[in-house]
Amino acid sequence: MTDTEDIDLQALDDSELVAQMHDDLYDGLKEEIEEGVNILLARGWEPYRVLTEALVEGMRIVGIDFRDGILFVPEVLLSAGAMKGGMTILRPLLAETGAPSVGKMVIGTVKGDIHDIGKNLVSMMMEGAGFEVIDIGINNPVEDYLAALEEHQPDILGMSALLTTTMPYMKVVVETLKEKGMRDDYFVLVGGAPLSEEFGEAVGADAYCRDAAVTVDVAKEMMARKHNQRGQLSS
Amino acid sequence: MTRTILSSEHKEVAIGFDEPFCIIGERINPTGRKKLAAEMKAGDYSTVSAEALAQIHAGAHMLDINAGIPLADEPRILAECVELVQSLVDVPLSIDSSIIEALEAGLAVYRGKALVNSVTGEDESLERVLPLVKKYDAAVVAISNDETGISEDPDVRFAVAKKIVERAEDHGIPRADVIVDPLVMPIGAMNDAGRQVFSLLRRLKGELKVNSTCGASNISFGLPHRHVLNGHFLAMASLAGMTSAIMNPLHKEELDGVRAANMLNGTDPDCAAWLAANRPVEPAEGGRARRTNRRRRTSA
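Line by line, the protein sequences give chains A and B. Residue numbers are given in my numbering: position 20 of the first sequence equals residue 20, and the series is strictly consecutive. Residue numbers are given in my numbering: position 166 of the second sequence equals residue 166, and the series is strictly consecutive.
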């Protein structure tokens, strides 16, 4: 393990503390992030401000260095774990204060497909970016997706498949959503090793996501679009 | 000891615990390779041909052929690739698809004894793939997962492997023709991935007495310096009982892992393969080069 210098987070002023939290997210230090979140809350910060300025901004930096090949998967998973620690504290408070949500996603591998490493990476990275992720696991028939959408009312539905035999099932799910008039209630993202952009279009998804980092970027972009639309409607 | 014999039209390859590690070239596979996928879909097999020749030149003993392209006629493409590759190189092939019709199309045109990649422990897979393996007198890669997923418990994965071996025997397929894939996970996402595989491999060799293979490059997903890591993984896996791998044969790092393992496990007589690959090209300072004008053997 690398040596970590002892820093008294309490002794830092707000901007120093936020900068330190960006570093601590980068280094995947979960306890330090949890402590930082609690300090900012105790100083009267709105939970939403803690989320955006300290956590989401920190993970944005992590995402850039992952994309550029400076950070690697195990490091990013540590960062995501630290972020998740902070989110566990913030989530109930965010709900209470009615703060805008970063976004909510239901994710699972499709019927017949039990390969979940990719899906798990996406879940962790999405949580790391501040999304609430409901992971419905492997081998999901369309009924499972429908039940999860009904129960959790997410913004995004994510489907994953590793096999050329199972990936066509994504179309079954999308078609069922269409039949039920629910298709436009969700962004549908699909991913998995054998997929392609062309395939994503063919099954009627909103986007094909090549890897976990891309998924986060696409999901953020879609949420921004959604918030803008809302803004336009209300203005 | 268990030996799996595979063949092309004129050539046999043996996989076994007393044989050199069998290198199955992984490069003919459009997964994640957009350009290759588009080419293959359009019937342009120039990259397939080039990859076949390059891998054999690099030292692959067998080649894996995968045509898993979304929205394409996979059975036809796979069969055409099998025929083409068999016309170019004389090594046994592994016919790789999760679509039963594609496996059958590949097997139907194959000359020799092929390796079918793959069957899982899922009942539907067992009941569809095993009769095909028997019909074409092929061998089969058995992937140690079932309907419940890929267990993180090596004991569960062992039980699945055992079930597949037994089911294959029910279909008249001898256990020497079942090669178990213990499922290699990315070490970067799962710290226990190496240990799980090594412990499973020891049991596959010691208790089930079956050959094994794996997608070796998975281990290094998301990490830097992948070829070196793959090479070390291959050597460690070989010691634990792995007898073949579907791997990238184009890099010295991976090949040296395999060569070192063969030499240290005693399947590289007189260290010949190691020497041939690693002899210094330039003599040390003040030294002489190896004599090159020998009458019987002119090359180094």
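Be careful, since some hints might not be right.
Taking lysine to any residue and the SDA-like style, the derived pairs with C-alpha atoms no more than 20 Å apart in a straight line are [claimed, not checked]:
| # | chain 1 | residue 1 | chain 2 | residue 2 |
| --- | --- | --- | --- | --- |
| 1 | B | Lys34 | A | Lys111 |
| 2 | B | Lys41 | A | Glu197 |
| 3 | B | Lys134 | A | Asp68 |
| 4 | A | Lys171 | B | Thr148 |
| 5 | A | Lys111 | B | Lys41 |
| 6 | B | Lys34 | A | Thr165 |
| 7 | A | Lys111 | B | Asn145 |
| 8 | B | Lys41 | A | Glu150 |
| 9 | B | Lys162 | A | Glu197 |
Bear in mind the hints are in silico, worked out from the structure with no lab data behind them.
These are the hints, each one checked on the structure:
no. : hint                  : in the structure
1   : B:Lys34 <-> A:Lys111  : violated (25 Å)
2   : B:Lys41 <-> A:Glu197  : holds (15 Å)
3   : B:Lys134 <-> A:Asp68  : violated (49 Å)
4   : A:Lys171 <-> B:Thr148 : violated (23 Å)
5   : A:Lys111 <-> B:Lys41  : violated (26 Å)
6   : B:Lys34 <-> A:Thr165  : holds (19 Å)
7   : A:Lys111 <-> B:Asn145 : holds (15 Å)
8   : B:Lys41 <-> A:Glu150  : violated (39 Å)
9   : B:Lys162 <-> A:Glu197 : violated (39 Å)
Checked against the numbered hints listed earlier, the structure breaks hints 1, 3, 4, 5, 8, 9; every other hint is satisfied.
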